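Colleague: Letter by letter, the chains look like this.
4 protein chains.
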Amino acid sequence: MNQSPDTWILAAQCPSVIGTVDVVTRFLREEECYITELNSFDDRETQGFFIRAEFRPQREGFDDASFQARFAERAAEFEMNFELTAPGTRMPVVIMVSKADHCLNDLLYRHRIGQLPIDIRAVVSNHPDLESLAQWHNIPYHHFPITADTKAEQEAQVWQVIEETGAELVVLARYMQVLSADMCEKLSGKAINIHHSLLPGFKGAKPYHQAYAKGVKLVGATAHYINTDLDEGPIIAQGVESVDHAHYPEDLVAKGRDIECLTLSRAVGYHVQRRVFMHANRTVVFPN
Amino acid sequence: MNQSPDTWILAAQCPSVIGTVDVVTRFLREEECYITELNSFDDRETQGFFIRAEFRPQREGFDDASFQARFAERAAEFEMNFELTAPGTRMPVVIMVSKADHCLNDLLYRHRIGQLPIDIRAVVSNHPDLESLAQWHNIPYHHFPITADTKAEQEAQVWQVIEETGAELVVLARYMQVLSADMCEKLSGKAINIHHSLLPGFKGAKPYHQAYAKGVKLVGATAHYINTDLDEGPIIAQGVESVDHAHYPEDLVAKGRDIECLTLSRAVGYHVQRRVFMHANRTVVFPN
Amino acid sequence: MNQSPDTWILAAQCPSVIGTVDVVTRFLREEECYITELNSFDDRETQGFFIRAEFRPQREGFDDASFQARFAERAAEFEMNFELTAPGTRMPVVIMVSKADHCLNDLLYRHRIGQLPIDIRAVVSNHPDLESLAQWHNIPYHHFPITADTKAEQEAQVWQVIEETGAELVVLARYMQVLSADMCEKLSGKAINIHHSLLPGFKGAKPYHQAYAKGVKLVGATAHYINTDLDEGPIIAQGVESVDHAHYPEDLVAKGRDIECLTLSRAVGYHVQRRVFMHANRTVVFPN
Amino acid sequence: MNQSPDTWILAAQCPSVIGTVDVVTRFLREEECYITELNSFDDRETQGFFIRAEFRPQREGFDDASFQARFAERAAEFEMNFELTAPGTRMPVVIMVSKADHCLNDLLYRHRIGQLPIDIRAVVSNHPDLESLAQWHNIPYHHFPITADTKAEQEAQVWQVIEETGAELVVLARYMQVLSADMCEKLSGKAINIHHSLLPGFKGAKPYHQAYAKGVKLVGATAHYINTDLDEGPIIAQGVESVDHAHYPEDLVAKGRDIECLTLSRAVGYHVQRRVFMHANRTVVFPN
Chain U
0 MNQSPDTWIL AAQCPSVIGT VDVVTRFLRE EECYITELNS FDDRETQGFF IRAEFRPQRE
60 GFDDASFQAR FAERAAEFEM NFELTAPGTR MPVVIMVSKA DHCLNDLLYR HRIGQLPIDI
120 RAVVSNHPDL ESLAQWHNIP YHHFPITADT KAEQEAQVWQ VIEETGAELV VLARYMQVLS
180 ADMCEKLSGK AINIHHSLLP GFKGAKPYHQ AYAKGVKLVG ATAHYINTDL DEGPIIAQGV
240 ESVDHAHYPE DLVAKGRDIE CLTLSRAVGY HVQRRVFMHA NRTVVFPN
Chain H
0 MNQSPDTWIL AAQCPSVIGT VDVVTRFLRE EECYITELNS FDDRETQGFF IRAEFRPQRE
60 GFDDASFQAR FAERAAEFEM NFELTAPGTR MPVVIMVSKA DHCLNDLLYR HRIGQLPIDI
120 RAVVSNHPDL ESLAQWHNIP YHHFPITADT KAEQEAQVWQ VIEETGAELV VLARYMQVLS
180 ADMCEKLSGK AINIHHSLLP GFKGAKPYHQ AYAKGVKLVG ATAHYINTDL DEGPIIAQGV
240 ESVDHAHYPE DLVAKGRDIE CLTLSRAVGY HVQRRVFMHA NRTVVFPN
Chain V
0 MNQSPDTWIL AAQCPSVIGT VDVVTRFLRE EECYITELNS FDDRETQGFF IRAEFRPQRE
60 GFDDASFQAR FAERAAEFEM NFELTAPGTR MPVVIMVSKA DHCLNDLLYR HRIGQLPIDI
120 RAVVSNHPDL ESLAQWHNIP YHHFPITADT KAEQEAQVWQ VIEETGAELV VLARYMQVLS
180 ADMCEKLSGK AINIHHSLLP GFKGAKPYHQ AYAKGVKLVG ATAHYINTDL DEGPIIAQGV
240 ESVDHAHYPE DLVAKGRDIE CLTLSRAVGY HVQRRVFMHA NRTVVFPN
Chain X
0 MNQSPDTWIL AAQCPSVIGT VDVVTRFLRE EECYITELNS FDDRETQGFF IRAEFRPQRE
60 GFDDASFQAR FAERAAEFEM NFELTAPGTR MPVVIMVSKA DHCLNDLLYR HRIGQLPIDI
120 RAVVSNHPDL ESLAQWHNIP YHHFPITADT KAEQEAQVWQ VIEETGAELV VLARYMQVLS
180 ADMCEKLSGK AINIHHSLLP GFKGAKPYHQ AYAKGVKLVG ATAHYINTDL DEGPIIAQGV
240 ESVDHAHYPE DLVAKGRDIE CLTLSRAVGY HVQRRVFMHA NRTVVFPN
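Residue numbers (this note's numbering), protein chains in the order written: chain U, 0 to 287; chain H, 0 to 287; chain V, 0 to 287; chain X, 0 to 287.
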């Protein structure tokens with residue numbers, strides 16, 4: 000299910016019309032590309048079309064630049080946006096954290112063993128606590144404290160790291176600060192947050208305490224793209240766990256760690272493998 | 000896990016103090032009652048104590064009236080409310096439905112094979128559609144149409160059926176009318192509703208359509224006691240199912256049927272086996 | 000996710016070579032067929048290719064006979080077997096049962112509300128017990144008793160029903176007799192059994208009792224095509240439920256009913272929507 | 000749910016007779032101990048009784064030695080074995096690994112943040128690979144290579160570490176060697192293994208490859224006490240995950256890592272909190 004060392008990914012979206020699948024698959028055949036995985040979805044609500052193909056070029060000397068140029072002509076007829084991803088690509092990532100380290104620890108582990116095709120370029124935090132964890136994994140750690148007064152300045156520092164590292168994805172791995180609207184816009188479609196509840200239930204602060212007060216029998220976590228509405232961005236993945244009356248808020252916090260890690264790493268994996276498409280305020284996800 | 004044909008249930012609750020378990024277990028031993036299942040919970044938040052024992056009298060001629068009288072003395076010291084349930088008790092139930100029949104069908108089936116220790120005395124509906132289903136199971140069916148103008152009158156008819164059948168539990172098995180505050184109060188702790196979302200998410204009408212619009216990746220159902228706040232009563236059980244972008248609202252409706260049936264029948268089973276305790280706006284549930 | 004009233008299904012399989020997707024999608028475009036759902040899988044182990052498309056003809060006067068004739072030419076180049084299914088097709092089915100009625104009840108319910116596109120032509124049993132259930136749903140019920148001596152004769156009776164009803168699928172909904180090798184061969188790829196364990200664990204008789212003896216913490220059910228090796232046919236779907244030490248065999252039996260129903264109906268749904276492909280002793284399933 | 004800083008655990012088992020609960024709860028009341036969590040199970044099959052209480056002494060100067068001495072008298076009447084665990088106890092543990100590090104990484108993390116009340120005294124491996132991981136957590140790492148010829152000698156080295164560290168639990172966190180019968184006996188009830196299948200399915204080597212070959216739709220992991228029958232010891236916990244035809248063996252390996260970690264850490268947590276009782280070849284587990 001993971002991308003093989005010799006497969007390319009073509010991901011594309013466009014308005015729904017007849018022939019959207021054919022324009023992709025015919026081209027791949029003409030280019031002597033062998034399709035190993037293919038997913039498409041035609042959304043009758045929004046008239047949007049989404050397709051993702053993994054393929055192996057069969058012909059010697061596959062040239063991606065000319066492949067793209069040739070496909071661009073076909074795609075133009077369909078107003079199709081597409082992206083081609085080379086074998087072995089690891090997306091540059093910046094991770095943002097505060098004090099809780101479970102999601103960071105999990106992402107660093109998956110990164111270390113190669114389970115997630117990401118290249119963690121930096122860890123940024125408003126606290127110094129997790130520096131040694133990052134260091135052991137040889138990842139630069141930036142401690143940028145934040146106060147109400149210094150928010151703009153701190154975000155500028157964060158943004159500088161994102162730019163300098165060339166990060167294409169920012170993962171908010173339990174970063175406990177609300178980003179400014181400006182930052183949210185700059186990161187639109189490029190930042191994934193983990194919220195520790197089954198959104199839209201229990202938005203905002205202390206969702207496990209809210210869940211306890213409500214007496215729910217299931218708790219969960221939601222990984223979503225951020226946007227300017229807090230905890231309202233397009234959902235990528237959700238996970239859930241049973242609980243009962245004997246779980247006090249701190250028990251929910253403990254129990255929730257596993258779901259948060261699993262849900263966030265799943266969403267990051269989908270994103271970096273180009274399995275996620277945003278449209279309107281929802282996502283199309285082709286899972287593996 | 001189901002009550003054995005010769006076991007009694009003692010369920011009790013009282014304020015937390017030392018000795019609350021002992022007062023029950025010591026008494027059972029003195030009465031030569033063999034405990035086959037025991038659950039207790041001491042809620043540090045509300046200082047409430049909850050206990051449930053299943054037991055088999057070992058002595059010939061167990062007399063429940065005198066058992067209750069004797070235990071009442073002990074219980075009084077602890078301000079303990081208790082309830083004793085005889086082997087083989089089937090709780091009298093009235094089921095309320097509208098047009099959707101999946102939950103009714105499921106409850107009738109479990110009733111028929113004896114999986115739920117309930118005695119369905121009547122099915123009440125604001126529509127005539129499900130009469131033949133009830134009839135095949137030999138359950139009286141009452142069709143009480145309702146309009147905005149006749150709500151009070153219709154509820155009076157429903158209440159009469161509840162009273163005449165001696166129902167101790169009303170199950171709202173996809174009854175699509177909002178009960179009046181007066182009716183809710185009369186049924187407090189005695190009526191279980193199934194709502195087709197993971198409360199507190201998606202309260203009110205058309206929750207699957209809300210879920211679709213929001214783009215969630217999990218849908219669910221919540222069985223709860225009703226109270227005067229719509230979809231806000233104490234939660235007994237919740238169930239969940241994965242969905243994706245390709246599930247349109249009508250697919251969620253179809254997929255949700257199974258979760259609704261399972262969640263509702265589970266909650267009803269817990270209730271009639273005296274496994275549920277309400278306190279504040281939450282429940283303590285000792286599952287099997 | 001369910002087939003729309005105006006969509007056709009094309010399901011095909013062939014050896015893996017380049018162009019297998021294209022031959023299907025190009026043809027559909029040429030025929031002005033709009034693809035609404037597309038799934039394909041290329042099995043690198045067996046070099047088998049599997050594809051399923053749902054599509055809506057856009058051109059007036061779609062003629063399936065000529066469509067098939069034209070596509071057959073293209074398919075021949077790829078040694079591709081294919082099957083075209085018209086909108087609204089309900090597969091003729093015979094259900095076989097013994098005494099347990101939960102799976103039958105569940106299938107009849109889903110049939111009645113139109114959730115499963117099947118046409119239940121007959122229920123066959125070696126016991127008379129479930130006749131009234133079938134009758135209420137207006138399904139003919141055939142009671143064919145069986146003994147060791149009359150097995151061949153009984154199976155001949157069953158076969159006659161299958162033939163006379165034109166059944167294309169036989170569902171063994173807790174039919175507690177082992178079919179003869181001859182019968183298994185005649186029903187190869189056309190009969191789905193539900194076994195009440197997570198195969199390959201606990202084959203054969205009384206799997207819940209085996210599970211209890213082993214002390215497992217999960218029990219499950221497996222829906223599979225039958226073949227001449229008992230409980231060894233290709234698996235279509237599996238379901239699972241948590242249990243604990245307090246679940247005696249009869250509790251597992253009770254708890255397992257729901258999983259069996261859900262797993263069997265899921266497998267039947269996949270099969271009749273042409274979402275399942277058998278190859279070697281495994282299946283490819285494109286779920287919805 | 001986790002043991003509070005001031006609660007003691009009393010865990011006991013004995014043959015089933017009347018009064019087994021009472022002997023515990025009455026004593027706790029007499030000693031002015033406040034029960035915060037109580038679980039009991041009376042096994043009708045084996046006539047075994049199991050009880051676990053968490054309690055807070057209310058009286059000043061609780062003396063565990065005299066508590067134990069006094070309770071031992073009562074327990075003797077019931078042939079009851081019991082164990083008292085002080086608040087804040089962290090069980091000394093040795094972890095055995097080979098080359099796969101996911102379970103080790105997970106246990107070290109939970110140990111580091113205090114989620115598991117264990118004191119990891121050493122990591123032992125037949126390979127050198129995981130030394131730096133242990134070192135970063137300040138845990139001694141012993142590399143004891145093994146060959147068919149040196150097995151007895153190597154196990155003697157391992158045993159020496161177990162003895163010298165005072166380990167009360169050995170966790171086989173993907174240790175890929177079969178322990179000798181002698182070693183298994185010495186570790187009876189004190190060693191937990193994680194096997195990467197849903198036992199009893201797919202015992203022995205390469206279970207994910209077996210699962211792939213069989214075409215199952217669910218894979219899982221089983222944490223169990225070891226005994227002299229390979230992969231046959233009493234099961235403590237099992238976890239499961241859905242898979243499909245597109246998961247090749249290496250995908251199952253990747254997908255299985257999370258289940259293995261979760262299942263093993265859950266089993267270890269139950270064990271060290273005295274929530275597990277072995278009897279016959281099964282376990283009684285009182286989960287939290």
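Derived from the structure by calculation, the hints contain no laboratory data.
A few of these clues could be false.
Copies of the same chain look alike in the list, so a pair counts if it works inside one copy or between any two.
What the hints assert, rightly or not - Okay, derived cross-link-like pairs now, DSSO-like style, lysine-lysine, Cα gap no bigger than 27 angstroms in a straight line:
| hint | residue 1 | residue 2 |
| --- | --- | --- |
| 1 | K213 | K185 |
| 2 | K150 | K213 |
| 3 | K205 | K150 |
| 4 | K189 | K213 |
| 5 | K98 | K189 |
| 6 | K254 | K185 |
| 7 | K205 | K254 |
Keep in mind that this is a model prediction, so the values were computed, not measured.
Colleague: Now, for every hint given, state plainly whether the structure supports it.
Modeller: Evaluated hints:
Taking the closest pair of Cα atoms, K213 and K185 come within 27 angstroms of each other only across two copies (23 angstroms); inside a single copy the shortest separation is 36 angstroms, beyond that limit. Within a single copy, K150 and K213 get their C-alpha atoms no closer than 33 angstroms, and across copies no closer than 30 angstroms, so neither meets the 27 angstroms cut-off. In this homomeric assembly, K205 and K150 come within 27 angstroms of each other (Cα to Cα) only inside a single copy, at 21 angstroms, whereas the closest approach across copies is 41 angstroms. When the C-alpha separation of K189 and K213 is checked against a cutoff of 27 angstroms, the pair qualifies only between copies, where the shortest distance is 20 angstroms, while the shortest distance within a copy is 33 angstroms.
Taking the closest pair of Cα atoms, K98 and K189 come within 27 angstroms of each other only inside a single copy of the chain (23 angstroms); across copies the shortest separation is 35 angstroms, beyond that limit. Proximity of K254 to K185 under the C-alpha cut-off of 27 angstroms is found in neither arrangement, the shortest distances being 33 angstroms within a copy and 34 angstroms between copies. Proximity of K205 and K254 under a CA criterion of 27 angstroms is satisfied intra-copy only: 14 angstroms inside one chain copy versus 31 angstroms between copies.
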